Amino acid sequence: MQEQVDVFLVGTIFFDLVLAGIPELPQPGAEVWAQDRAVSPGGVANRAVATARLGLRTGLAGLAGDDEFGALLWRALSEVDNLDLRWSYRSPTRPTSVTVSVTHGEDRRFLTHGSLDGYELAELPAARATHLAVTPEVPAWALELRAAGTRLFGGVGWDAAQKWSPDVLASLVHFDAFTPNDKEAMAYTRTDTAGDALKRLAEHAPLVAVTCGPRGSIAIDSGSGEYARAPAIPVRAVDPTGAGDIFVAAFITGTLAEWPLRQRLLFANLCAGLSVRRLGGAVSAPTRAEAAAWIEENPELAGEYGFLRGEL
Numbered sequence: 001m002q003e004q005v006d007v008f009l010v011g012t013i014f015f016d017l018v019l020a021g022i023p024e025l026p027q028p029g030a031e032v033w034a035q036d037r038a039v040s041p042g043g044v045a046n047r048a049v050a051t052a053r054l055g056l057r058t059g060l061a062g063l064a065g066d067d068e069f070g071a072l073l074w075r076a077l078s079e080v081d082n083l084d085l086r087w088s089y090r091s092p093t094r095p096t097s098v099t100v101s102v103t104h105g106e107d108r109r110f111l112t113h114g115s116l117d118g119y120e121l122a123e124l125p126a127a128r129a130t131h132l133a134v135t136p137e138v139p140a141w142a143l144e145l146r147a148a149g150t151r152l153f154g155g156v157g158w159d160a161a162q163k164w165s166p167d168v169l170a171s172l173v174h175f176d177a178f179t180p181n182d183k184e185a186m187a188y189t190r191t192d193t194a195g196d197a198l199k200r201l202a203e204h205a206p207l208v209a210v211t212c213g214p215r216g217s218i219a220i221d222s223g224s225g226e227y228a229r230a231p232a233i234p235v236r237a238v239d240p241t242g243a244g245d246i247f248v249a250a251f252i253t254g255t256l257a258e259w260p261l262r263q264r265l266l267f268a269n270l271c272a273g274l275s276v277r278r279l280g281g282a283v284s285a286p287t288r289a290e291a292a293a294w295i296e297e298n299p300e301l302a303g304e305y306g307f308l309r310g311e312l
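This note's numbering applies: residue 1 is where the sequence shown begins, and numbers increase by one.
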């Protein structure tokens, strides 16, 4: 197995249609017109495009259907620099997964059609890092990568069943880092604050970063004992779709670069904050040049973000 990528990502690719700027959610039988819309790759593609735009060689293993949505997805992803699709394919028998996202104020609602079923990976690249959902059963491909030296970054989704099984936390023994949001962290640890949840999670994973929305993020490196907190950047949020994925992509970038923990959080908060200014997930992921431009436009924050001038 030869090293081929910095980050390798496996999962479901979605065709996202985002509608925003609606005066109210429609009542049964009614029609409401949206003022804005965006079309974007979604799902695992949010993270893949984000890491690629930040300069990491990224391999993506996902499936698109041999339909019009799949054709649009494939064309969009093929145009992303640093993104390698050799592990992805177009299926002649399965449709492309499609999500319609309706944004109204801080509320988002989704309609989705497709399949979350995976497929067998014929081969694995050597990779410096990967990110996947933390579940009671860690996929064999992820364990194989970790045995070969890949760093495993894990996240979780909202548990609609409200069970928040402790079996999920038991799986963290296989991970190098865990990056939940504050609501997920508190639910899984049965705690009342993000800080308490962070401390509890640090007993399970060597590196934990918890995102707290407009309140920024916090993290602990259990190995070094380093604790860090970093504020969010001041922006007008238009659409939070994919912001968590983009935080993860930037946090992975800083971790692979061996930046101090607080600098990783600052950079991840910056990239996530820049993404919410536009509609869509992957299409709103910032490039290094956009991050550098924001720093130049906000000289009052030069002290906090000055370390990035030599990195972007």
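No lab work stands behind these hints, which were simulated from the structure alone.
There may be inaccurate statements among the hints.
[Said to hold, decoys possible] With a Cα cut of at most 30 Å, we get these calculated BS3-like pairs of lysine-lysine:
id, residue 1, residue 2
1, K199, K163
2, K183, K163
3, K199, K183
[To be verified] Computed spacing ranges between beta-carbons, pair by pair:
id, residue 1, residue 2, range
4, R108, P28, 13 to 23 Å
5, Q4, R108, 27 to 37 Å
6, P260, D159, 24 to 34 Å
7, R90, R146, 21 to 31 Å
8, E258, V100, 37 to 47 Å
9, W164, P240, 34 to 44 Å
A quick note: this is a predicted structure, and the numbers were derived from the prediction, not measured.
Every residue, glycine too, gets a C-beta built ideally from N, C-alpha and C.
Comparing the hints with the structure gives:
1. K199 - K163: It holds: about 21 Å lies between the C-alpha atoms, which stays within 30 Å.
2. K183 - K163: This hinted pair holds, its Cα atoms lying about 14 Å apart.
3. K199 - K183: 15 Å, holds
4. R108 - P28: 13 to 23 Å: Holds, since R108 and P28 (Cβ atoms, about 20 Å apart) stay within the stated range.
5. Q4 - R108: 27 to 37 Å: For Q4 and R108 the Cβ distance comes to about 36 Å; the hint holds.
6. P260 - D159: 24 to 34 Å: 33 Å, holds
7. R90 - R146: 21 to 31 Å: With a Cβ separation near 29 Å, R90 and R146 satisfy 21 to 31 Å, so the hint holds.
8. E258 - V100: 37 to 47 Å: 41 Å, holds
9. W164 - P240: 34 to 44 Å: 22 Å, violated
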